[in-house]
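Novice: Chains as they are written, first to last, in the working numbering: chain A, 2 to 298; chain B, 271 to 928; chain C, 37 to 298; chain D, 9 to 366; chain E, 69 to 504.
There could be a bad hint or two in this list.
[Unchecked claim] In silico DSBU-like links for lysine-lysine, alpha-carbon gap of 30 angstroms or less: (1) Lys-429(E) with Lys-158(D); (2) Lys-402(E) with Lys-374(E); (3) Lys-150(C) with Lys-18(D); (4) Lys-135(C) with Lys-358(D); (5) Lys-190(C) with Lys-358(D); (6) Lys-42(C) with Lys-175(C); (7) Lys-158(E) with Lys-184(E); (8) Lys-135(C) with Lys-158(D); (9) Lys-750(B) with Lys-706(B).
Think of the hints as simulated: they come from the structure by calculation, not from any bench. Just so you know, these numbers come straight off a predicted model, no measurement behind them.
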Amino acid sequence: MQFFLEVLLGGLLSGIMYSLVALGFVLIYKASGVFNFAQGAMVFFAALTAVGLHDMGLSLWLAVPLTMAIMIVLAVAIEKIVLRPLVNQAEITLFMVTIGLTFFIEGLAQAIWGASVRKLELGIEDVPLEFLLDNAGIAISQFDLVAAGIAFVLVAALAIFFSKTKVGRALRAVADDHQAALSIGIPLQQIWVIVWGVAGFVALVAGLLWGARNGVQFALTFVALKALPVLILGGFTSVPGAIVGGLIIGASEKLAEVFLGPYVGGGIEGWFPYVLALLFLLVRPEGLFGEKIIRRI
Amino acid sequence: MPATAAQVLGDRLDTFPRLLMRHASARGGQVATREKDLGIWQAWTWSEVAAETRAMACGLSALGFKRGDNLAIVGDNRPRLYWAMCAAQMLGGVPVPMYQDAVAQEMSFVLENAEIRFAIVEDQEQVDKLLEVKEACPALAHILYDDPRGMRHYNQTFIQGLDEVVEMGRIHDKSHPDFLDGEIALGRPEDIAVMLYTSGTTGKPKGVCQTHASFITAARSGVDFDSLGPDDDILSYLPMAWVGDHLFSYAQAMVAGFTINCPESGETVMTDLREIGPTYYFAPPRVFENLLTTVMIRMEDASALKRRMFHYFMAVARRCGAEILDGKPGVAALDRQLYALGNVLVYGPLRNVLGMSRIRVAYTAGAAIGPDLFRFYRSIGINLKQLYGSTETCAAVCLQPDGEIKFDSVGKPAPGVEVKIADNGEVLVRGEMLLKEYYKRPDDTAEAIDREGFFHTGDAGFFDEDGHLKIIDRAKDVGKMANGSLFAPNYIENKLKFVSYIKEAVVFGHGLEKVCAFINIDMGAVGNWAERRNIAYSGYTDLAQKNEVYDLIRECVENSNAELSHDPMLSDSQVHRFLVLHKELDPDDDELTRTRKVRRGFVADKYRVLIDSLYSGKQSQFIETQVRFEDGRTGMVSADLRIMEAKTYPPQSAKKAA
Amino acid sequence: MDTGRKIGDVILSFENISLSFGGVKALTNIGFDVREHEIRAIIGPNGAGKSSMLNVINGVYHPQEGEIIFHGKHRRDMNTYESAKSGIARTFQNIALFKGMSVLDNIMTGRNLKMKSNFLLDAIYWGPARREEIEHRKKVEEIIDFLEIQHIRKTPVGRLAYGLQKRVELGRALAAEPSILLLDEPMAGMNVEEKQDMCRFILDVNDQLGTTIVLIEHDMGVVMDISDRVVVLDYGKKIGDGTPDEVRTNRDVINAYLGVAH
Amino acid sequence: MFYREAGQFKATYAEDSQIFPIRQDRIGMAIILLVAFVAVPLFASPYYFSAILIPFLIFALATLGLNILTGYAGQLSLGTAAFMAVGAFASYNFMLRIDGMPILIAFMLSGLCAAAVGIVFGLPSLRIRGFYLAASTLATQFFIVWCLTKIGWFTNYSSSGVITAQQIEILGYAFDTPMSKYLFVLIVVSVMALLAKNMVRSNTGRSWMAIRDMDMAAEVIGFRPMRTKLLAFAVSSFYCGVAGALYAYAYLGTVEPEGFSIEMSFRILFMVIIGGIGSVLGSFLGSAFIVLLPTALNVMFHFLEKDLGLELPSGISSSVELMVFGALIIFFLIVEPHGLARLWQIGKEKLRLWPFPH
Amino acid sequence: MNIAKKILLTLALMASGGAVVAAEQYIPAIDYRVGPYAAGGSGFFGGAIDYMTLVNINGGINGVKLIWEECETEYNASRGVECYERLKSKNGGASMVEPLSTGIAYGILDRVAQDKIPMTTLGYGRSDAADGRVFPYVFPLITSYWNQAAGMIKYLGDKEGGLDKLKGKKIAFLYHDSAFGKEPFPVLEAYAKQVGFELLKLAVPHPGNEQQSQWLQIRQAKPDYVILWGWGVMNPTALKTAQRNGYPREKILGVWWSGSEEDVVPAGDAAKGYTSMTFNTPGNYPLLDELKKKVYAAGKGNLEDKSRIGSTYHMRGVTAGILWVEAIRKAQEKFGKGKVMTGEQVRWGFENLNVDEAKLKALGALGMLPPVKTTCLDHEGSGAVKVQRWDGAAWKSITPNWVVGDRAMIRKMMEESAGKYAVEKKITPRDCSKEG
């Protein structure tokens with residue numbers, strides 16, 4: 002039971018890390034209907050830029066805001082050069098263009114900062130909480146708890162941003178109906194820049210946390226793969242969905258790997274979340290919090 | 271059937287039914303008729319056509335159609351309507367093709383005049399029209415329709431499907447196998463083969479009776495002239511009642527045995543033309559003109575590079591294209607190379623998109639064709655030629671021989687045709703292709719054909735030094751100016767109208783000191799021209815009065831003046847002053863005939879005030895005119911019309927002589 | 037074939053049909069019948085449940101209550117495949133053509149139930165598959181001819197004007213050679229001329245092929261002109277049923293609907 | 009410009025519904041085939057065969073497979089490489105375990121295995137659409153590769169999970185040179201492309217497109233969504249399976265399950281989209297683009313460096329190659345969001361109407 | 069339009085490239101410098117190219133200069149094959165090839181035999197390729213995975229005070245779930261059976277950036293040792309996750325792919341004390357000094373980041389360079405000094421390598437790599453490994469001598485496996501007694 006609890010908690014905390022990445026996808030999809038395949042590349046780019054600047058001697062307090070500025074420049078550039086000419090194109094085309102973007106960003110990141118693996122210390126120790134370990138025999142990483150905290154703060158901030166600020170409400174309007182949004186005078190271009198900027202910010206946070214965990218390297222782009230089942234489960238358009246989905250995916254994949262894996266040769270974490278999400282979708286095709294798809298004829 | 275057909279025929283190919291039977295036995299498997307229907311080109315071989323025609327003839331006969339009866343044929347170019355002509359001829363009857371777009375009242379005259387008992391029509395629309403006038407034409411006893419669509423509830427006994435009749439005929443033919451062959455055998459070349467009504471600018475239409483002999487002669491001379499054969503294809507899209515279509519799609523097809531192709535519908539003619547790619551083509555100048563206009567307009571939208579390429583090679587073609595087509599020597603080697611390149615890049619593709627890649631010979635007739643227009647087609651390698659003729663002459667008086675094309679003449683008299691010019695300039699014609707008579711109009715017949723057997727065409731013209739006939743105007747329109755020199759208004763008007771910017775022109779000068787003109791601009795061409803120059807305009811009236819437009823038109827008028835100055839007989843007819851009318855001349859306002867010919871007298875009366883101003887030297891004149899809109903409402907248009915002087919040139923003939 | 041149509045027996049009838057979506061009632065206790073060869077109109081204001089009714093007829097929606105009697109068989113609901121199979125074809129209020137295909141292909145799809153070929157034969161495209169394709173092409177060409185859309189035969193439907201799209205959609209439905217044709221606002225958004233054409237086509241279909249037609253239409257003039265009997269729905273309830281004249285004088289109908297117009 | 013369509017009229021429906029109704033297209037196609045079957049084998053170097061042409065053809069086949077599913081039937085999938093893996097490993101086992109198994113039959117059977125797997129993993133498509141479906145197909149990708157890694161039987165208990173393809177031999181003739189392998193692949197791909205074209209232009213294809221364009225309407229006129237979608241999955245997977253078998257047998261020779269990675273699935277999806285959704289021709293164009301472009305860029309950068317003396321640090325040139333590749337994809341999508349096939353179609357229309365612009 | 073033209077132009081150039089015959093020994097460098105494994109690719113090929121540059125600076129191999137051409141594979145098998153095919157016939161033909169990628173190595177396994185170009189797979193690829201009778205053109209030089217796994221067990225046994233002391237112990241094998249990770253299974257299983265320890269196999273799905281569940285299992289099973297058979301991001305993640313689950317890193321022993329600076333630096337403190345295998349003894353050598361002096365000082369160094377000189381991957385690349393050059397040198401001894409060797413001749417050189425301590429000393433690399441002596445039967449040539457420990461700043465060797473496992477047992481397994489391959493591929497193994 003104690004072990005079960007440990008696995009469960011560990012899973013939930015991992016799940017939060019997935020949610021963090023999934024959040025970036027959700028933001029962009031929600032506001033512009035673009036399935037942004039480049040989110041992983043953005044995570045990589047953001048983390049690498051921050052660490053690169055840090056390694057050049059800047060303090061993290063300076064490097065991170067500077068990186069954020071760069072991410073905003075990137076968002077503006079993407080909107081101007083890539084998205085604007087493709088307004089009103091099919092979803093799949095926009096999806097594809099983000100794949101082109103992925104290559105470009107990956108190449109850019111490595112051209113600027115090189116391909117070597119870098120270390121990132123955020124000053125949070127990644128060790129089990131002694132208090133818990135001693136008393137309950139459960140190993141819960143300090144780092145994971147901090148990361149979870151940051152993730153929750155981020156989600157809360159986004160929730161407030163969406164519901165309380167003018168821009169946020171505009172974003173929601175755009176998500177609901179492009180035409181309507183345009184007709185009440187919200188410039189779509191501006192919205193896209195903001196949304197890609199915010200997604201860049203989320204990417205930066207995710208990149209820093211994941212980078213501190215595993216090192217800042219190309220493999221950061223792979224975290225996107227962890228986020229996909231979260232998206233399916235939580236729905237492409239729901240911020241809470243990304244969080245809840247992440248928790249479910251994290252916990253269940255760990256439980257499956259630990260308790261089911263040994264019987265089938267292990268390594269099932271790669272596909273288990275997808276199968277889980279798939280089974281879930283069969284029951285609820287629009288995801289946990291996704292908007293119900295009404296088939297009208 | 272071939273056996274009996276052969277018996278009937280002997281060697282005499284002197285009537286159309288015999289020609290058909292001959293084709294059926296000589297090339298029974300070859301395609302005689304095609305029609306775009308249900309998405310594909312349905313084809314009938316000569317033997318199938320012969321069988322269908324026989325059946326139709328037998329069916330008609332079973333319904334009581336007799337030798338000497340007239341058969342009205344109304345509809346678009348449908349294979350069965352063509353066959354119906356031959357079916358009538360088999361029985362010794364006379365097909366009377368009628369314009370399918372005529373309204374019921376217009377039809378009733380012909381129906382009555384020709385004492386029509388039988389009518390074969392295309393579809394419900396035509397049936398309805400006939401029913402409308404049935405009261406007035408009590409003789410009309412049978413209406414047979416080709417297309418059964420919508421005909422289910424017409425339960426009048428005198429309305430029958432052609433299908434039924436053909437089926438009936440098949441049975442009849444089977445039970446009386448010798449009947450029809452006998453009927454065909456009775457046919458004589460001097461029988462009337464067809465009756466074509468001429469619209470006529472004045473008075474009631476006249477039925478022109480043409481015999482088998484005259485049409486076959488006319489057709490044969492054309493076929494021999496251009497060596498047409500069974501492998502040729504023609505697109506049959508002109509009204510069947512027009513002599514041109516009858517000559518090309520019926521008579522010549524029967525003589526030469528080539529394939530006629532009926533388009534799917536009026537809207538799809540251009541597409542169908544492109545699909546079929548005929549080898550032999552006939553169209554009035556208006557069609558060629560519209561085509562050229564679309565070519566030019568479509569090219570305007572092309573990229574600058576392509577446009578430049580197009581114009582460059584069109585210039586090359588203008589320089590040497592026609593000469594190369596005529597096989598004339600003296601074309602520079604470089605030009606030949608350029609032309610070959612242009613053929614790959616422009617002319618070939620252009621012929622292709624126009625559907626004219628395969629054309630060996632194309633003819634135009636029915637009205638004068640502008641030299642520029644004519645030259646354009648010849649220069650891109652289309653062997654376009656003019657012919658001259660009328661309904662009364664089976665449309666075959668003069669033809670332009672290959673290699674001797676002059677842009678302003680209609681060619682040399684066709685073989686077996688005698689042409690002479692009367693003292694008053696009128697063109698007189700004699701030959702086997704002349705009409706037998708005007709139906710039930712002995713007076714008119716006598717008036718048209720003089721005692722020597724010459725037919726008075728009503729056209730004024732002259733032979734040039736090479737023996738080519740040049741038509742200048744209708745004889746009755748030719749007048750004299752105050753100084754006694756020749757005034758040929760149509761000639762001048764046509765010259766003006768050959769410029770694409772000018773749609774209509776009316777010139778005045780008979781009995782006057784100098785020539786003045788009303789101009790109608792071509793909305794499409796001038797509008798396009800204006801748009802390219804960023805000239806904003808709100809409509810025809812506004813555009814017509816723009817200074818830029820006036821300048822443009824003046825240039826056109828002056829060009830035409832310059833050309834006229836070269837002509838010794840007409841150099842006095844140069845236009846001195848002109849104005850651009852504030853409205854388009856319109857048949858709805860009775861200013862034009864339905865065939866878009868200017869009603870000179872009417873216009874002169876209606877715009878008297880403008881004419882006065884032209885001759886009084888005023889610089890502008892206010893006018894207000896009532897117009898009728900398409901939906902029947904009327905309204906007023908008014909404008910202050912400017913009047914402009916055009917430069918004239920001294921006669922050039924003196925120099926030329928020197 | 038000869039002397040026009042004869043209205044036959046009841047082939048389809050509904051009893052107490054009720055349909056709701058998550059608590060919202062779309063249809064309540066609807067009952068009416070359709071006779072063979074007739075033109076039956078369903079009218080009513082927006083949101084009256086007309087389209088829902090059509091969707092019940094061809095099995096897109098499954099009513100929670102009621103009974104459908106089709107060709108004498110009692111059933112709770114229909115399903116799309118079976119209804120197509122048993123000769124019910126339809127058009128849609130918002131044109132539901134296959135945008136990526138040409139007019140010809142769109143109409144060809146209408147013949148799918150008559151085609152026996154399978155994907156293997158299709159892949160080889162030789163012999164039976166090809167013959168079948170050509171045979172059905174002929175039928176489709178007749179429909180194209182009937183609807184006078186020859187000139188747009190190979191145009192992708194997405195590029196066509198609205199009125200023509202409606203016509204193509206009718207063509208697709210006709211391609212199935214249906215015994216019952218459901219038309220959902222076939223003339224919506226058309227100009228007068230297009231409406232006249234459409235009317236003519238509908239009448240011709242009914243007349244020449246004997247097809248039973250169930251029609252939803254807003255244009256009262258058209259409905260009263262061409263239909264044999266009319267059902268009037270309002271807020272999911274039936275408020276009138278009868279010949280155009282009867283309906284025209286029905287008090288409830290006048291109050292609910294016609295009253296606005298006249 | 010080269011089109012001379014005047015006079016090419018159709019007198020029968022058979023003529024009208026040919027794959028290439030225009031004579032110039034038929035001639036063009038004949039020339040292409042002649043070049044592919046005669047000229048290329050005569051003149052190309054082994055490098056072209058084994059490094060360019062063979063992978064190009066194999067990926068074109070896989071792209072065609074995915075295009076059937078995504079382009080024609082409208083079901084977005086990201087599991088293509090997995091179906092290729094099924095094909096590769098299935099044919100390996102058929103060849104290994106059944107004595108005297110003819111290779112073509114083995115390929116067919118492996119295609120059928122892939123089709124069966126495709127049907128199973130296509131089942132969710134009955135309820136799930138769009139990106140949800142796409143992301144779900146990743147389950148296929150990961151699960152199948154995992155199975156092949158985990159279950160020793162598939163790899164004949166090779167310690168590392170690697171299989172080595174047997175030689176291609178038909179009626180005693182061994183296809184062992186690059187050229188003969190190329191011809192073998194070419195024949196297979198040509199035949200399958202023809203079959204695919206036939207399917208998509210007949211009722212089968214119409215049923216797919218109907219489901220894609222408007223599934224509700226398709227259902228109402230009698231197409232059965234389940235059957236249609238699953239058929240698309242099956243046919244698509246069959247194509248991918250055969251492509252996978254060719255990938256193992258005619259291209260790499262030795263393959264590991266991880267070789268059929270998600271990156272490969274994505275690559276094939278790029279090919280579909282860049283080439284043109286719902287186009288057989290597009291499958292070939294897309295494959296050519298994605299297979300050739302990185303190579304061409306690489307060669308070009310080497311050219312720039314070596315011959316123009318443009319010295320770049322070695323890491324940077326690789327990165328810049330990647331950037332240019334990404335930028336080109338973006339560029340092409342902006343120029344023509346419907347892919348190269350549409351670009352060709354527009355070009356062809358222009359040529360047909362030449363000298364007119366439209 | 070312009071780009072297309074250029075591409076065509078370069079394609080044409082590319083096709084004609086093969087015709088030039090050069091008086092230089094040509095080695096294609098099928099490398100990867102972008103993507104997830106870029107660190108390994110750039111380090112390894114950096115080292116090899118640095119060494120070749122040095123050889124050229126020193127006058128080449130008996131006067132024959134080395135040339136090389138790079139081609140980016142992005143670690144993608146398909147692109148690797150294209151690179152190989154493109155580069156193999158350039159400059160008079162490749163003398164050898166080294167893809168540093170299991171996938172690409174598989175993709176060109178048949179091709180190198182056909183093209184008669186020897187392929188080295190230093191420390192990766194098929195272990196059974198060491199059997200030169202079946203794989204005449206493949207050289208898994210120094211140590212294959214199997215010998216390395218044997219060395220690991222040997223080391224652990226030594227640590228416990230004898231192999232038999234491992235009996236009853238529990239060893240967790242945490243591996244990258246791929247062909248690479250599964251390669252040592254037979255060896256480990258054989259040892260487990262022979263020695264009697266419990267082997268706990270734990271798969272980490274690619275890419276391995278999440279290992280919580282595996283380490284929880286380890287935490288619960290409490291194994292005595294964990295063998296980490298990882299790659300790329302999996303390594304720092306393993307160390308970090310070990311730390312957060314409180315597993316002592318001193319008990320983690322990594323494969324050499326888990327033993328580079330790039331693997332431990334991102335893990336930070338979590339890596340301090342972690343041990344891994346290597347076939348280079350970390351440290352400084354006269355050879356490295358020479359590289360810095362002659363190559364880097366002249367600005368001809370291949371690494372952008374000079375601090376990486378002497379790093380694990382770089383040193384491994386230098387090692388590869390030494391072996392390549394020595395193989396060519398050996399071939400020249402037989403086929404003519406100062407001549408350019410063909411691929412087949414170089415193959416002979418690889419098969420008759422004898423890099424002994426004296427040779428290494430002469431090169432200034434004594435102790436950097438174990439002596440290598442290959443034969444027709446044995447394409448591996450050594451099988452020796454070392455163990456190194458990360459002290460937080462650098463790797464330090466902790467085994468004074470080279471560690472060698474049960475080579476006889478491994479040899480037997482290799483021959484069995486190679487035999488099976490030969491049967492499947494219908495290859496008749498060479499008779500080594502006839503080879504000169």
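Novice: Each hint needs a verdict: does it hold in this structure or not?
Specialist: Consistency of the hints with the structure:
1. Restraint check: the Cα-Cα separation between Lys-429(E) and Lys-158(D) comes to about 46 angstroms, which exceeds 30 angstroms; the hinted pair is violated.
2. The suggested pairing of Lys-402(E) with Lys-374(E) is violated, with an alpha-carbon distance near 38 angstroms, which exceeds 30 angstroms.
3. Note on Lys-150(C) and Lys-18(D): the hinted pairing holds, with a Cα-Cα distance of about 26 angstroms set against a maximum of 30 angstroms.
4. For the suggested pair Lys-135(C) and Lys-358(D), the alpha carbons sit about 23 angstroms apart, so the restraint of at most 30 angstroms is met.
5. Taking the CA atoms of Lys-190(C) and Lys-358(D), the gap is about 18 angstroms. The hint holds against a cut of 30 angstroms.
6. A threshold of 30 angstroms between alpha carbons decides the hint, and for Lys-42(C) with Lys-175(C) the separation of about 25 angstroms falls inside it, so the pair holds.
7. Among the hinted pairs, Lys-158(E) with Lys-184(E) is consistent with the structure: their alpha-carbon atoms are about 14 angstroms apart, no more than 30 angstroms.
8. Proximity of Lys-135(C) to Lys-158(D) is assessed by CA-CA distance (about 45 angstroms); at most 30 angstroms being required, the pair is judged violated.
9. The straight-line distance between the Cα atoms of Lys-750(B) and Lys-706(B) is roughly 34 angstroms, outside the 30 angstroms bound, and the hint therefore fails.
Violated hints, in rising order: 1, 2, 8 and 9; the structure is consistent with all others.
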